[in-house]
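**Student:** Here are the chains, one letter per residue:
There are 4 protein chains.
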Amino acid sequence: MAKILIIYYSETGNTKKMAELIAEGIKEEKVDVVIKNVEDTQAKELLEYDGIIIGSPTYYGLPAYQIKKLLDESVAFHGSLEGKIGGAFSSSANIGGGNETTIMAILQAMLIHGMVVKGNSKGDHYGPVSIGKPDSRVERQSKAYGRMIAQLVKKLK
Amino acid sequence: MAKILIIYYSETGNTKKMAELIAEGIKEEKVDVVIKNVEDTQAKELLEYDGIIIGSPTYYGLPAYQIKKLLDESVAFHGSLEGKIGGAFSSSANIGGGNETTIMAILQAMLIHGMVVKGNSKGDHYGPVSIGKPDSRVERQSKAYGRMIAQLVKKLK
Amino acid sequence: MAKILIIYYSETGNTKKMAELIAEGIKEEKVDVVIKNVEDTQAKELLEYDGIIIGSPTYYGLPAYQIKKLLDESVAFHGSLEGKIGGAFSSSANIGGGNETTIMAILQAMLIHGMVVKGNSKGDHYGPVSIGKPDSRVERQSKAYGRMIAQLVKKLK
Amino acid sequence: MAKILIIYYSETGNTKKMAELIAEGIKEEKVDVVIKNVEDTQAKELLEYDGIIIGSPTYYGLPAYQIKKLLDESVAFHGSLEGKIGGAFSSSANIGGGNETTIMAILQAMLIHGMVVKGNSKGDHYGPVSIGKPDSRVERQSKAYGRMIAQLVKKLK
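Protein chains in written order, with this note's numbering: chain A, 6 to 162; chain B, 6 to 162; chain C, 6 to 162; chain D, 6 to 162.
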């Protein structure tokens with residue numbers, strides 16, 4: 006059975022909440038999903054999943070260093086994530102505050118792992134973005150993103 | 006006297022409105038400003054100004070091709086914009102819809118011209134963003150951006 | 006049968022040469038491939054293919070405006086490319102000259118179309134890059150990229 | 006007197022070597038320069054300099070997490086770097102391997118701090134890039150970058 010791992014870093018709880026919303030979308034597609042705080046995650050755990058979705062607050066237009074640390078450590082098995090599905094999301098204080106570049110930074114790292122990523126032609130194109138606390142728009146976007154990634158994981162598995 | 010050129014492409018009028026708001030901020034700093042539609046602009050006109058600010062709707066996460074056409078044509082005097090001040094802004098249909106990457110795309114082109122660009126530690130960090138029609142937040146951000154760029158132009162001239 | 010379209014813009018012939026090398030890799034995978042100059046391409050033709058690979062010279066860190074024009078025109082059928090496979094490549098005068106940002110710009114536009122893109126864990130991670138005339142390294146990277154995209158198209162079709 | 010801080014992270018010594026080359030260019034302009042390993046740098050030290058140049062190996066298309074950690078910690082005095090000059094450089098294993106996106110990631114963080122950044126119309130446009138061990142091309146680019154940033158620091162101070 007297909008399995009997706011959602012990794013997040015969260016200080017205020019906003020990014021964690023987005024992780025939970027994305028997980029709901031994934032479950033609607035009958036795909037297994039595990040949510041983990043990045044600080045409790047070993048890089049080698051990435052190997053066990055068909056899809057990996059990473060979320061971070063927007064810190065200086067990039068993911069939190071804790072996320073980057075995990076990505077740096079994942080070099081130990083560089084090449085082994087080739088072909089897995091990736092996704093990214095971010096919570097941010099402001100519109101135009103770096104949320105898109107944070108998501109793109111995570112997706113770039115995934116591309117360098119040889120992973121497969123997918124945008125969304127509707128709404129938050131690169132991945133879900135929350136400005137402040139997740140509202141109903143973010144809820145809708147996040148669940149739809151979870152469903153979309155889950156569908157792609159099932160298709161490629 | 007310092008002079009700034011604002012170039013925009015606009016279909017709905019939202020990007021044009023942002024250009025006008027930025028111009029107001031520039032005027033508050035007693036710096037000359039000219040606003041031009043990109044379709045009425047010759048690349049060589051860029052040479053006459055100390056600062057160049059370019060605005061575009063967000064089309065597929067990048068500036069409209071009319072903006073890119075002007076940038077491509079500016080290669081005719083590559084090197085001559087070295088040290089001028091640059092800035093960028095974008096209007097967009099959606100949050101997370103590509104507005105930041107549109108602004109960064111314009112700023113990247115300016116860096117390749119050897120231009121000087123500046124972010125804003127408050128609000129729209131890379132440059133002003135409007136989600137839909139410019140509202141009071143966008144008005145505030147755009148005027149502040151105009152003042153900031155005008156101050157930098159005066160300082161560097 | 007799976008079909009891939011390679012669209013390029015080329016002034017010196019370097020980008021065109023890369024298109025041909027990528028096509029060789031695609032053919033090795035027994036996938037149909039058509040190469041078209043962007044100036045002879047209608048946006049609606051994108052609809053007919055399972056995979057779309059776009060190549061451009063690096064002009065100010067972004068694709069040539071002719072490529073962006075096609076992308077802008079593709080808004081007429083926004084949503085219809087959802088789930089297709091995308092890829093990008095670029096030729097450039099210099100190392101560090103904007104080739105990666107050119108490729109990422111094309112991939113971002115593809116993500117906004119809801120397309121699926123894939124990086125490469127070996128070599129040119131975001132897509133093939135040629136510094137000047139394609140050499141044996143570029144030949145190897147381009148053919149491998151063609152094979153990789155073709156395999157993904159077959160898998161997802 | 007104007008002062009510039011160069012911060013680097015280096016495992017193989019390539020990024021450190023680039024830091025030293027950039028420092029040579031800065032000294033040619035009679036500007037004070039201090040080179041520090043990021044692991045020996047406190048975020049508050051950034052406040053003492055007119056210019057800050059940050060270099061990192063290319064790890065998954067982004068700066069090493071140690072660099073990001075420093076940037077994250079700099080939020081403690083967010084706003085206080087407004088108007089300072091910034092620059093970035095990267096060493097990388099491969100052409101097209103993420104070196105440009107690493108530099109742009111650092112520059113984005115600097116823009117969010119309200120810093121002033123400048124590209125180079127010749128050569129490595131966003132900032133110096135070394136593919137592998139710094140060679141004579143990298144030496145030339147790095148020294149020229151040091152001179153350029155030093156000149157801008159003197160002009161803006």
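Since the hints were derived computationally from the structure, they do not count as laboratory data. For every residue, glycine included, the Cβ atom is placed at its ideal position computed from N, Cα and C. Fair warning: there could be bad hints in the mix.
[Stated by the list, open to error] Within a straight-line C-alpha distance of at most 25 Å, the following computed DMTMM-like cross-link-like pairs (lysine to aspartate or glutamate) qualify:
#  : chain 1 : residue 1 : chain 2 : residue 2
1  : D       : Lys-148   : B       : Glu-87
2  : C       : Lys-74    : B       : Asp-55
3  : A       : Lys-127   : C       : Asp-37
4  : A       : Lys-159   : A       : Asp-140
5  : B       : Lys-127   : A       : Glu-53
6  : D       : Lys-138   : C       : Glu-144
7  : C       : Lys-162   : C       : Asp-37
8  : C       : Lys-159   : A       : Glu-44
9  : C       : Lys-138   : D       : Glu-16
10 : C       : Lys-162   : A       : Asp-140
11 : D       : Lys-127   : B       : Glu-53
12 : B       : Lys-21    : B       : Asp-37
13 : A       : Lys-74    : A       : Asp-55
14 : C       : Lys-162   : A       : Glu-33
15 : B       : Lys-127   : A       : Glu-16
16 : A       : Lys-160   : C       : Glu-78
17 : D       : Lys-127   : B       : Glu-78
18 : A       : Lys-162   : C       : Glu-87
19 : C       : Lys-127   : A       : Glu-50
20 : B       : Lys-127   : D       : Glu-53
21 : B       : Lys-22    : C       : Asp-37
22 : C       : Lys-127   : D       : Glu-16
23 : C       : Lys-159   : C       : Glu-16
24 : A       : Lys-160   : C       : Asp-37
25 : A       : Lys-41    : A       : Glu-144
26 : A       : Lys-8     : C       : Asp-37
27 : A       : Lys-35    : C       : Glu-87
28 : B       : Lys-21    : C       : Glu-78
29 : D       : Lys-127   : B       : Asp-37
[Claimed, not checked] Chain D is nowhere near these chain A residues, computed Cβ spacing over 10 Å in every case:
#  : residue
30 : Gln-47
31 : Lys-73
32 : Lys-138
33 : Arg-152
**Student:** Next pair to validate is Lys-22(B) with Asp-37(C); report whether the Cα-Cα distance is within 25 Å.
**Tutor:** violated (47 Å)
**Student:** Against the 25 Å threshold, does the CA-CA distance of Lys-35(A) and Glu-87(C) hold or violate the hint?
**Tutor:** holds (22 Å)
**Student:** Within a Cα-Cα threshold of 25 Å, do Lys-41(A) and Glu-144(A) meet the stated pairing?
**Tutor:** Holds - the C-alpha atoms of Glu-144(A) and Lys-41(A) are around 19 Å apart, at most 25 Å.
**Student:** Given the proposed pairing of Lys-127(D) with Asp-37(B), does the C-alpha separation stay at or below 25 Å?
**Tutor:** violated (30 Å)
**Student:** Would the hint linking Lys-138(D) and Glu-144(C) be met if the CA-CA limit is 25 Å?
**Tutor:** Holds - the C-alpha atoms of Glu-144(C) and Lys-138(D) are around 24 Å apart, at most 25 Å.
**Student:** Hey, Lys-8(A) versus Asp-37(C), does the alpha-carbon distance stay inside 25 Å?
**Tutor:** Distance ~33 Å between Lys-8(A) and Asp-37(C) Cα, so the pair is violated.
**Student:** Within 25 Å, alpha carbon to alpha carbon, are Lys-162(A) and Glu-87(C)?
**Tutor:** Holds: Lys-162(A) and Glu-87(C) sit about 19 Å apart, inside 25 Å.
**Student:** Just to be careful, I want the Cα atoms of Lys-127(D) and Glu-53(B) compared with a cutoff of 25 Å; is the pair within it?
**Tutor:** holds (21 Å)
**Student:** When you look at the beta carbon of Gln-47(A), is every beta carbon of chain D farther off than 10 Å?
**Tutor:** holds (15 Å)
**Student:** With a cut-off of 25 Å on the C-alpha distance, tell me whether Lys-74(C) and Asp-55(B) pass.
**Tutor:** violated (29 Å)
**Student:** If we take the beta carbon of Arg-152(A), is the closest beta carbon in chain D still more than 10 Å away?
**Tutor:** Given a closest Cβ separation of 27 Å, the condition holds.
**Student:** Would you mind confirming whether the straight-line C-alpha gap from Lys-21(B) to Asp-37(B) stays at or under 25 Å?
**Tutor:** holds (18 Å)
Hint check: violations occur at hints 2, 3, 4, 5, 8, 9, 10, 16, 21, 23, 26, 29, 31; the rest are consistent with the structure.
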